[in-house]
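Protein sequences appear in the order of chains A and B.
The first sequence maps to residues 200 to 315 in our numbering.
The second sequence maps to residues 7 to 119 in our numbering.
To be clear, the hints were calculated from the coordinates, so they are not data collected in a lab.
Bear in mind the structure is a predicted one, so any value in this text is a computation, not a measurement.
Worth double-checking, as some hints may not be accurate.
[What the hints assert, rightly or not] For lysine-lysine, the following DSS-like pairs were computed, each having C-alpha atoms within a straight-line distance of at most 25 Å:
| no. | chain 1 | residue 1 | chain 2 | residue 2 |
| --- | --- | --- | --- | --- |
| 1 | A | K219 | A | K240 |
| 2 | B | K55 | A | K241 |
| 3 | A | K240 | B | K55 |
| 4 | A | K213 | A | K254 |
| 5 | A | K240 | B | K67 |
| 6 | A | K265 | B | K55 |
| 7 | A | K240 | B | K118 |
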Amino acid sequence: GAVVSQHPSRVICKSGTSVKIECRSLDFQATTMFWYRQFPKKSLMLMATSNEGSKATYEQGVEKDKFLINHASLTLSTLTVTSAHPEDSSFYICSARDINMNTEAFFGQGTRLTVV
Amino acid sequence: AQSVTQPDIHITVSEGASLELRCNYSYGATPYLFWYVQSPGQGLQLLLKYFSGDTLVQGIKGFEAEFKRSQSSFNLRKPSVHWSDAAEYFCAVGALNNNDMRFGAGTRLTVKP
């Protein structure tokens with residue numbers, strides 16, 4: 200199956216700093232990428248959908264200025280958590296799909312963000 | 007609006023026993039259904055999916071699921087559970103012609119020796 204690589208797998212940052220998470224499709228063109236957030240022992244909540252070359256579409260309640268998403272190429276999308284606070288600590292997972300392929304989205308391995 | 011319900015938050019079974027995890031969905035169009043497994047601190051691994059055709063779907067690790075349109079269900083089954091199956095299981099519904107995929111709340115599986 201298709202491979203999606205997410206980096207880093209774990210990151211610890213200080214309050215007030217920004218942290219960038221990368222999501223790469225390794226063997227297919229990801230026309231669309233999705234960013235999810237997962238709270239402890241909870242399900243995945245879709246944060247935003249990004250299409251290559253256009254602005255991301257954010258779900259209701261997700262601050263677009265807080266969670267900056269860039270999808271500049273067909274193989275890379277980034278999520279930047281700006282001015283991070285402890286409440287931003289969470290598990291973030293991306294997924295990617297090629298709209299031209301008749302398959303589901305493929306998930307990255309997730310990033311554990313801890314803000315101290 | 008589409009939604010997924012996993013009625014069981016936590017299930018405990020003995021190793022070697024059979025397993026069934028329930029999933030009910032609400033979807034306005036023909037649903038595409040998925041089961042994922044997540045180990046602690048890890049991403050999601052696709053167990054199986056249903057798009058069309060045979061309503062009994064075989065997946066990896068000995069899992070299977072049956073799509074029952076009349077009951078709006080897509081329950082996951084395994085005849086004999088192994089200790090390594092202990093994990094969180096998520097049912098999801100979506101469609102290939104749009105970008106929306108919704109996840110259930112998850113069922114945590116504990117396997118007793």
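Here is how each hint holds up against the structure:
1. Proposed proximity of K219 of chain A and K240 of chain A is supported: the alpha carbons are some 24 Å apart, at most 25 Å.
2. Proposed proximity of K55 of chain B and K241 of chain A is supported: the alpha carbons are some 22 Å apart, at most 25 Å.
3. Taking the CA atoms of K240 of chain A and K55 of chain B, the gap is near 23 Å; set against the 25 Å cutoff, the hint holds.
4. Of the supplied pair hints, the one linking K213 of chain A and K254 of chain A is violated, its CA atoms being roughly 28 Å apart against a limit of 25 Å.
5. Distance restraint check for K240 of chain A and K67 of chain B: the Cα-Cα separation of roughly 23 Å lies within the 25 Å cut-off, and the hinted pair is therefore satisfied.
6. For the suggested pair K265 of chain A and K55 of chain B, the alpha carbons sit about 34 Å apart, so the restraint of at most 25 Å is broken.
7. Only pairs whose Cα atoms come within 25 Å are accepted, and K240 of chain A paired with K118 of chain B is accepted, the gap being roughly 20 Å.
Violation of the numbered hints given earlier is confined to hints 4 and 6; the remaining hints are satisfied by the structure.
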